[in-house]
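S.K.: Here is what each chain is made of, one letter per residue.
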Amino acid sequence: MRIINCILVPVLLLSLAVAVDGKKAPLDVSRGTVKIIRTAIRPDYNLPWKMKEPETAVGSGAIIHDNMILTNAHVVSDATYIQVKKEIDPEMYEAEILFIAHDCDLALLRVKDHRFYDNTAALELGDIPELRSKVTTYGYPMGGSRISITEGVTSRIEIGEYSHMGSVSFLMIQTDAAINPGNSGGPVMQNNRIVGVAFQGNANSDNIGYMIPVPIIRHFLTDIKDGRYDGFPMLGVFTDPLENISYRRYLGMKDDQSGVLVSMVIPGGGAEKVLSAGDVIMSVDSVLVANDSTIRFMQGRIYYSYLIDLKQINESISLTVLRKGKVIRINYPLKAYPYRISWFNEYEKLPRYCIVGGIIFQPLSKEFLKTWNKWWHTADRRLLYYYSCHISDNLFPERREFIIINRVLPDQANTYLSDVHDRIVDSINNIKIKTLRDVAEAVRKPAGPYHIIRIDGTSCPLILKASEIDEADLRIKDKYDIPSLMRLQ
Amino acid sequence: MMRYIFNISVLIILFAPCPGFPAEAQSFEDRIVTILVTSQKHDYASPWQKGGITRASISGCVIEGNRILTSSYSITDHVLIEVMKKGESRKYAATIAIKDYHCGLALIKVEDDSFFKGLKPVSFSPVSTMVGRSAKVYKWDTLSSLKEYLAELTKTSIRFYEPNCGILMHQFSTSMNEGGNGEPVFIDNKLAGIATGLNAETKTLYVISSDMVQRMVRDAADGIYEGIPFFWIEGVDLHSDVNLREYYGVAPGNGGVLVTHVPGISSGNDVLKKDDIILAIEGRSIDDMGNYDSPYGKLYFYGLIQLDRYVGDDVSMTVLRNKKKIPVRFKLKAVPDGCCTVPIISFDAGPRYYIFGGLVFQELTTGYLESFGEDWKQKADKRLLYYYDSIKLLSDKGPDSRVVILSRALPDPINKGYQYQKDLVLAKINGLPVKNLTELKGIIEHSGDRFIVFEFVGETTVVLDRELAIRQGKNLLMKYNINSPDNISGK
Numbered sequence: 001m002r003i004i005n006c007i008l009v010p011v012l013l014l015s016l017a018v019a020v021d022g023k024k025a026p027l028d029v030s031r032g033t034v035k036i037i038r039t040a041i042r043p044d045y046n047l048p049w050k051m052k053e054p055e056t057a058v059g060s061g062a063i064i065h066d067n068m069i070l071t072n073a074h075v076v077s078d079a080t081y082i083q084v085k086k087e088i089d090p091e092m093y094e095a096e097i098l099f100i101a102h103d104c105d106l107a108l109l110r111v112k113d114h115r116f117y118d119n120t121a122a123l124e125l126g127d128i129p130e131l132r133s134k135v136t137t138y139g140y141p142m143g144g145s146r147i148s149i150t151e152g153v154t155s156r157i158e159i160g161e162y163s164h165m166g167s168v169s170f171l172m173i174q175t176d177a178a179i180n181p182g183n184s185g186g187p188v189m190q191n192n193r194i195v196g197v198a199f200q201g202n203a204n205s206d207n208i209g210y211m212i213p214v215p216i217i218r219h220f221l222t223d224i225k226d227g228r229y230d231g232f233p234m235l236g237v238f239t240d241p242l243e244n245i246s247y248r249r250y251l252g253m254k255d256d257q258s259g260v261l262v263s264m265v266i267p268g269g270g271a272e273k274v275l276s277a278g279d280v281i282m283s284v285d286s287v288l289v290a291n292d293s294t295i296r297f298m299q300g301r302i303y304y305s306y307l308i309d310l311k312q313i314n315e316s317i318s319l320t321v322l323r324k325g326k327v328i329r330i331n332y333p334l335k336a337y338p339y340r341i342s343w344f345n346e347y348e349k350l351p352r353y354c355i356v357g358g359i360i361f362q363p364l365s366k367e368f369l370k371t372w373n374k375w376w377h378t379a380d381r382r383l384l385y386y387y388s389c390h391i392s393d394n395l396f397p398e399r400r401e402f403i404i405i406n407r408v409l410p411d412q413a414n415t416y417l418s419d420v421h422d423r424i425v426d427s428i429n430n431i432k433i434k435t436l437r438d439v440a441e442a443v444r445k446p447a448g449p450y451h452i453i454r455i456d457g458t459s460c461p462l463i464l465k466a467s468e469i470d471e472a473d474l475r476i477k478d479k480y481d482i483p484s485l486m487r488l489q
Numbered sequence: 001m002m003r004y005i006f007n008i009s010v011l012i013i014l015f016a017p018c019p020g021f022p023a024e025a026q027s028f029e030d031r032i033v034t035i036l037v038t039s040q041k042h043d044y045a046s047p048w049q050k051g052g053i054t055r056a057s058i059s060g061c062v063i064e065g066n067r068i069l070t071s072s073y074s075i076t077d078h079v080l081i082e083v084m085k086k087g088e089s090r091k092y093a094a095t096i097a098i099k100d101y102h103c104g105l106a107l108i109k110v111e112d113d114s115f116f117k118g119l120k121p122v123s124f125s126p127v128s129t130m131v132g133r134s135a136k137v138y139k140w141d142t143l144s145s146l147k148e149y150l151a152e153l154t155k156t157s158i159r160f161y162e163p164n165c166g167i168l169m170h171q172f173s174t175s176m177n178e179g180g181n182g183e184p185v186f187i188d189n190k191l192a193g194i195a196t197g198l199n200a201e202t203k204t205l206y207v208i209s210s211d212m213v214q215r216m217v218r219d220a221a222d223g224i225y226e227g228i229p230f231f232w233i234e235g236v237d238l239h240s241d242v243n244l245r246e247y248y249g250v251a252p253g254n255g256g257v258l259v260t261h262v263p264g265i266s267s268g269n270d271v272l273k274k275d276d277i278i279l280a281i282e283g284r285s286i287d288d289m290g291n292y293d294s295p296y297g298k299l300y301f302y303g304l305i306q307l308d309r310y311v312g313d314d315v316s317m318t319v320l321r322n323k324k325k326i327p328v329r330f331k332l333k334a335v336p337d338g339c340c341t342v343p344i345i346s347f348d349a350g351p352r353y354y355i356f357g358g359l360v361f362q363e364l365t366t367g368y369l370e371s372f373g374e375d376w377k378q379k380a381d382k383r384l385l386y387y388y389d390s391i392k393l394l395s396d397k398g399p400d401s402r403v404v405i406l407s408r409a410l411p412d413p414i415n416k417g418y419q420y421q422k423d424l425v426l427a428k429i430n431g432l433p434v435k436n437l438t439e440l441k442g443i444i445e446h447s448g449d450r451f452i453v454f455e456f457v458g459e460t461t462v463v464l465d466r467e468l469a470i471r472q473g474k475n476l477l478m479k480y481n482i483n484s485p486d487n488i489s490g491k
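If you're matching them up, the sequences are chains A and B in order.
Just so we're aligned, residue 1 is where the first sequence starts under the working numbering, counting upward by one.
Just so we're aligned, residue 1 is where the second sequence starts under the working numbering, counting upward by one.
Simulated from the structure, these hints should not be mistaken for lab results.
Just to be clear, a hint being listed does not mean it is correct.
Said to hold, decoys possible - With the Cβ distance kept under 8 Å, some of the chain B side facing chain A (calculated, not the full set):
#1 N243
#2 L258
#3 T260
#4 V271
#5 K274
#6 L385
#7 F451
#8 V457
As the list claims (entries may be wrong) - Derived contacts from chain B toward chain A, CB cut-off under 7 Å, selection only:
#9 D241
#10 Y247
#11 K382
#12 K416
Stated by the list, open to error - Here are the simulated lysine-lysine pairs, BS3-like style, with alpha carbons at most 30 Å apart:
#13 A/K254 x B/K325
#14 A/K434 x B/K274
#15 A/K324 x B/K474
#16 B/K428 x A/K273
#17 A/K366 x B/K422
#18 B/K41 x B/K325
The beta carbon of each residue, even a glycine, is placed where N, CA and C say it ideally should be.
Model the full assembly from the supplied sequences, consistent with the hints where possible.
M.R.: Shown next, in the form of structure tokens:
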């Protein structure tokens, strides 16, 4: 659906023909494969009270146990209306989201109308396919409206970025079976079992499609057993490989010992007060970690984070750690990632904001930065630095989020500030701004006759007359047609 | 006047093959010279070697005292300077007498006095507003013909060459397609300035005013050129922001510039304070846009400090501090050597570097950032750009304080595992903060520790075995064809 190019139409038709000629199995699978049509609406982070145009897109899904339809999160995210359709049924049925997991790009749907499930087959989960073994993709990619079946082999198994939420990596399987826009969410089958969910392609190359493998799907299904999706936990530290022998000797490691170095303990994460910078993690749950941060996996090696990805939040992890020359065992429950600036694409959420005297205050987030075209190069430099380095450079540890002035809606009350934009707020009326809520609190207590807003990088304050603000807010709400001047949650 | 020029240009375009309206000019042939510049840039990716060689033909004019005036930005990183005159093919070797990037001008000397035989110095335009006047720009087009281009003065203002030296600059609209490299510009046959840049899209020629030239000549009259005084505060023009003015107690009618930061190395650092509002300089009031009235019209207040002032001069100001007007007075300092923490001017000198165990350390400079490509402000590492943007705050750490970076690693067994590290800011070495490369080299060379631990900003640490790194270092340098493990002098 997303980073997939679409020039493989002839190939697609060809493999369809082969599949129809061939075995019986595909028929069963197509009874468990559905087309999903969803309409979604996204907020505009630039004018945070507004929504963008609704968009409709097509994806695929697989019927699994308990009448649930497994698909990608990105196929149904921000949906206003979801319809599903079976290959042999002319009817479109309305579906609802039961659970949605943006980090691993999976979702479960259900159709209320029981007639939908007539003559369908529930597909079962298989395992991780062997390299070079054949897999078959079912779905509704672009280039036609009926089901499309393509075949390929398992080409690569490794940890890679899941681009739906972005900045997160999990185990993924690469295949050369054609995966095109519309295939997203469809089952990838081997021996009549699901071995993956097709979910993303690669814009820069042909014949590369990716699927979400069974361990990640099972993690999702286990997570929701308590009726809620919590997501993947985090080790709570940043680690560096230890490939340099001098570094290992400096740390007091014997030449036959291996592990990764804890370079930073993330404040607020699960490892706080348990691990410290300079510790060497030698094994995770009794699996040896090599100096290049990998563990043994099937016939090769993968990044050790796979072991953590198998865990649920609050589940315990057991580490063997070399600390100051001594090997110790450490257990602690894993927590979610405690971010102060969201590094991720966000869904099902409306932007939080607070407008005072025409000044739009918002938390800094990736969604906000994405309002710039080619944002990583073109967005404000200070914002990009804060965004990328606030954890590693420990910027303003007291701030729980970074509140920015997005822009100023011109009004007579702020006429001298109307060009101010993309500034990071330090304090308002001498109250340090650590959350968006602080903004709403601080403007209730003007400093004498003024509101004094201090921003990072200059000592020149932004000043509004406190007595003019209430009137201005009413005027701005009316003139700019803003339903509400704040959304704090 | 405009219409007249327009008509002429149309006619000439009909007859002349080249765009614009060059015409033969006789009277200036003995004032304008061609300067051949051979330059070699430095290579920040491989700081131990120089980069590509370029040759350019630029212009200059003769001034009093057998000197040739041109734009310093046209002779950056020069290796060889030669001059030619009057369409003759003979090249005379020349040397740089003064090259000042802070005011954008350079003076060139020619050993062989016979060069100046038959050449005449230009005379300078009087001080007055000349906006709207038409001007003539000259350059030797080929060996034999001096081309004349018409231009019209559209704006005179204070513009800035970093670090914050205010330069009086004229902007001309012109038909030139190529230029901005030292061409003299004349109004009424008198030198109005020296071209230092051309925006070919907007057809704007940027010209350093002859006032700056005269300032330079007077500065150098005693044999010692000290350069433009260094006034390096951070300030905000109050504009007509009534709220801000009320807050700071600025009376209506008073203008002013709000001082937001005074780096310790700036002139006036001992008397000016954050939150001062500069109301007047040398008795001339500063309006709310930061301007004063000058013979050229309104000019930005830096003109009062840098246009006709010299290092060692006193400057008096009236500032509003805690809502009270107080007079202050301070001496103007020179621009410190290699200013500043992130040196802005990185021409001519080679990048300072130090290689240890294949790790290439450099000091962050504008030149280093520029090596990320034309759009370096978008492409360069975000943290390095933040340091660049925070230069005035960083400069409080002292004049010799630099941002030491690991620019790259030259892959070798000794630095296995570190080979992808690049553009990291060094925070500490063996637990000690490091001011600059000199200090870094000293600490490593005199260390009695077995390991050298480099801690970088952003929680990255690199450790090398000191003895091993020294032992294998020589071999590594040979493999990568590097003559010297360091260039601390920056020559």
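S.K.: Now look at each hint and say whether the structure bears it out.
M.R.: Against the structure, the hints come out as follows:
no., hint, in the structure
1, N243, "holds, 4 Å"
2, L258, "holds, 6 Å"
3, T260, "holds, 4 Å"
4, V271, "violated, 18 Å"
5, K274, "holds, 6 Å"
6, L385, "holds, 5 Å"
7, F451, "holds, 4 Å"
8, V457, "holds, 6 Å"
9, D241, "holds, 4 Å"
10, Y247, "holds, 5 Å"
11, K382, "holds, 5 Å"
12, K416, "holds, 5 Å"
13, A/K254 x B/K325, "violated, 70 Å"
14, A/K434 x B/K274, "holds, 25 Å"
15, A/K324 x B/K474, "violated, 33 Å"
16, B/K428 x A/K273, "holds, 24 Å"
17, A/K366 x B/K422, "holds, 25 Å"
18, B/K41 x B/K325, "violated, 50 Å"
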